[in-house]
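Q: If you count by our numbering, then the sequence shown holds residues 1 to 58, one letter each, in order.
Hints were generated in silico from the structure; no laboratory data involved. Among these hints, one or two may not hold up.
To be verified - DMTMM-like mimics (lysine to aspartate or glutamate), calculated; alpha carbons at most 20 Å apart, straight line:
hint, residue 1, residue 2
1, 56, 5
2, 9, 34
3, 6, 34
4, 6, 30
5, 9, 22
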Amino acid sequence: MDRSEKELKVMLMLLEHGVSRDVAIVAVNEIWSEQDLDEIISLPPEKVAEIAQDMKDL
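Could you put the whole structure together from the sequences, leaning on the hints where they help?
A: So, in structure tokens, the structure goes:
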């Protein structure tokens with residue numbers, strides 16, 4: 001899986017948990033490294049939900 005596929009997968013995961021599109025785009029494209037994306041993809045759904053909630057609280 002290349003970086004763009006990882007970005008898309010993580011963005012979709014975040015959007016499913018109610019993170020706004022703009023916040024998801026900035027996080028995936030500007031903040032997180034490819035290693036971060038790999039780690040997020042490997043997390044269980046409840047951990048992704050926690051990350052999403054933290055992002056919504058910003």
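Q: Each hint: holds or not?
A: Verification of the hints:
1. Restraint check for residue 56 and residue 5: not satisfied, since their Cα atoms lie roughly 23 Å apart, outside the 20 Å limit.
2. For the proposed pair residue 9 and residue 34, the alpha carbon gap of about 12 Å is at most 20 Å, so the pair holds.
3. Between residue 6 and residue 34 the CA atoms are separated by roughly 8 Å; this keeps the pair inside 20 Å, and the hint holds.
4. Pair hint residue 6 plus residue 30 holds up; C-alpha atoms about 14 Å apart against a cutoff of 20 Å.
5. For the given pair, residue 9 sits about 15 Å from residue 22 by alpha-carbon distance, which is consistent with the 20 Å threshold.
In this structure, the one hint that does not hold is number 1.
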